[in-house]
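**Student:** Read off the chains here:
2 protein chains.
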Amino acid sequence: MITIALDAMGGDHGVGVTVPAALQTLSQEAALKVILVGQSDVLRKELTRLRAAENDRLSIHHASEVIAMDESPAQALRSKKDSSMRVAINLVKEGVAQAAVSAGNTGALMATARFVLKTLPGIDRPAIITTLPTTHGHVHVLDLGANVDCTPEQLVQFAMMGSILVSAVEGKDKPRVGLLNIGEEDIKGNDSVKKTNELLRATGLNYCGFVEGDEIYTGDMDVIVCDGFVGNVMLKTSEGLAQMITHFMKQEFKRNLLTKISAVIALPVLRAFRKRVDPRRYNGATLIGLNGTVIKSHGGADKLAFQCAILEALAEVKNNVPERIGRELAAMSARETLA
Amino acid sequence: MITIALDAMGGDHGVGVTVPAALQTLSQEAALKVILVGQSDVLRKELTRLRAAENDRLSIHHASEVIAMDESPAQALRSKKDSSMRVAINLVKEGVAQAAVSAGNTGALMATARFVLKTLPGIDRPAIITTLPTTHGHVHVLDLGANVDCTPEQLVQFAMMGSILVSAVEGKDKPRVGLLNIGEEDIKGNDSVKKTNELLRATGLNYCGFVEGDEIYTGDMDVIVCDGFVGNVMLKTSEGLAQMITHFMKQEFKRNLLTKISAVIALPVLRAFRKRVDPRRYNGATLIGLNGTVIKSHGGADKLAFQCAILEALAEVKNNVPERIGRELAAMSARETLA
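Chains as they are written, first to last, in this note's numbering: chain A, 93 to 431; chain B, 93 to 431.
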């Protein structure tokens, strides 16, 4: 049995999304227990509305405060010790839950998780890693915004963590690791990526060299590493471009009666297409490098998207991701000491 | 009459694209003269194949060498003094042509243009600026890869140049300028963007603060500024995502007989949609900040795309972009000296 603590108050939609998503996931996953963390009166009301109740796999854990989406992380960390987010992470620290999932304020989640759980030995700073679709399958990219300035040594740690995550969750033996740059030749890029490139060649990782931006969606890497500034811009640019494309396509299909009819005829295809690139199915970014599993859901997540984030937490706990990262990093540093 | 020198040998397709694009543009633009720069025998053969000949608006200027797409810029600059690219830019320097257009090696083009034409007074380094579609219209983004490390002062110069370009070509009085960051609050981002943010507030530009990645395609800025590393990753990521989306849509429409029929029915809509996001229509990035107009076409440009790059050159020459940038920068520095 795996227990997951949900920050039930977090996100743009709060309990209206987190509670239905929890119920749905519980009905599908027999080995899952969920603790809904938040204001107990609000949570009880939502359960009643959904004709559900606490049971041996679903419990409420009261937390009196809520962190706002635009609250400063430092402020939230200092003053809201009984927030749903903080209490959910505390439950992981205490071993009551094996993972925490939150759709709340990213900065506050990272600051709180780092403060409460601490980073794994050998890891300077945690990173945010997520899965993105590609023409051939999918790819894991980190960091997505936790670290605006990264040293080459930190980027190497990110590469190691990403590689171990993919090995653990997908059973791949030697995940292919690429370093994001603005050209594929060794002379391209800034000093930081050049130095990181050298360091990565000296690791035991299956490091495949530089990749350019277009290879995120069309390449064949398992893990792509970049600093959090570049990763965040890349991810949000992708969101914006997808929105624009959807907007234009809707406009064209709504132009007149004829185009509306063709939209109806093309609907099954458009649905199948949308399902393949549906960002909700890729929801759930991991705060990687911590003593424990913490998953960040998109703030605007709906029920399906939030379910995907819970399932990501479940997969990582099942596969002991933090333990494996800790163990393999210790083994690496032991090898280096011997060498 | 405006004369444009084409690096007719550059790009993945060379004369097979540059020459037909030149002929087509000449037939549409009565006030345009084109000089095809490259190996005269190859160019003459291509003209013959297209049943065209030199005339008072179309001439051939021989250049014996060609720069390969993967050649080192330093090497190309040092050893290929008679390359089609170098000679085309020389013609701008000599005043024979008012602009040069090339689909060749970006690094070599930037190095050569900078060496031959020099930067405008007050500009440390040229940048690459291009137009991207948005839900509301379009936006100009720079730098796209000429400068991997930028100082805040250089980013401010980029903002000024972008703003002047939009004023000149689009007749906008006070173009809205945004600075790309990973959040909109003043505390977000790395030291470089924070410092640039402060400097931009002190300029006379219509500076609107930080914008996030998604606002490139969905926001309402006229100019978005970023360093060349971030800009290049952003642009190439967009290319990759668009490719992936196209790939999935084609796959879904080709799945079976029924989906193929719906594709035929939806074809007019799909065509109209494609036209709106067609990257060929946005082809033609400007090397901005030089004493002269140099336009970089995508290496893989086809005839339509290369035509768009020629038209971009024409628009910038008509609107005296380099002169206006030079004049306005001089005025700004005079104001600062007086203040």
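Bear in mind the hints are in silico, worked out from the structure with no lab data behind them. Keep in mind it's a predicted model, so treat the numbers as computed, not measured. Be aware that one or more of the hints could be misleading.
The list treats identical chains as interchangeable, and a pair is accepted whether it falls inside one copy or across any two copies.
[As the list claims (entries may be wrong)] Below 30 Å or equal to it, Euclidean Cα-Cα: the simulated DSSO-like pairs (lysine-lysine) are: (1) K266 x K173; (2) K352 x K125; (3) K352 x K185; (4) K342 x K185; (5) K395 x K410; (6) K280 x K173.
**Student:** Each of the hints needs a verdict: does it hold here or not?
**Tutor:** Here is what the structure says about each hint:
Within a single copy, K266 and K173 get their C-alpha atoms no closer than 42 Å, and across copies no closer than 47 Å, so neither meets the 30 Å cut-off. Taking CA atoms no more than 30 Å apart as the test, K352 paired with K125 passes in neither setting, with 46 Å inside one copy and 46 Å between copies. Taking the shortest Cα distances, K352 and K185 never come within 30 Å of each other, neither inside one copy (54 Å) nor across copies (54 Å). In this homomeric assembly, K342 and K185 never come within 30 Å of each other (Cα to Cα): the closest approach is 47 Å inside a single copy and 48 Å across copies.
Taking identical chains as interchangeable, the C-alpha atoms of K395 and K410 lie at most 30 Å apart only when both belong to the same chain, with a minimum of 22 Å there against 54 Å between chains. Taking the shortest alpha-carbon separations for K280 and K173, only the inter-copy value of 24 Å comes in at or below 30 Å, while the best intra-copy value is 47 Å.
When held up to the earlier numbered hints, the structure conflicts with 1, 2, 3 and 4 and fits the remainder.
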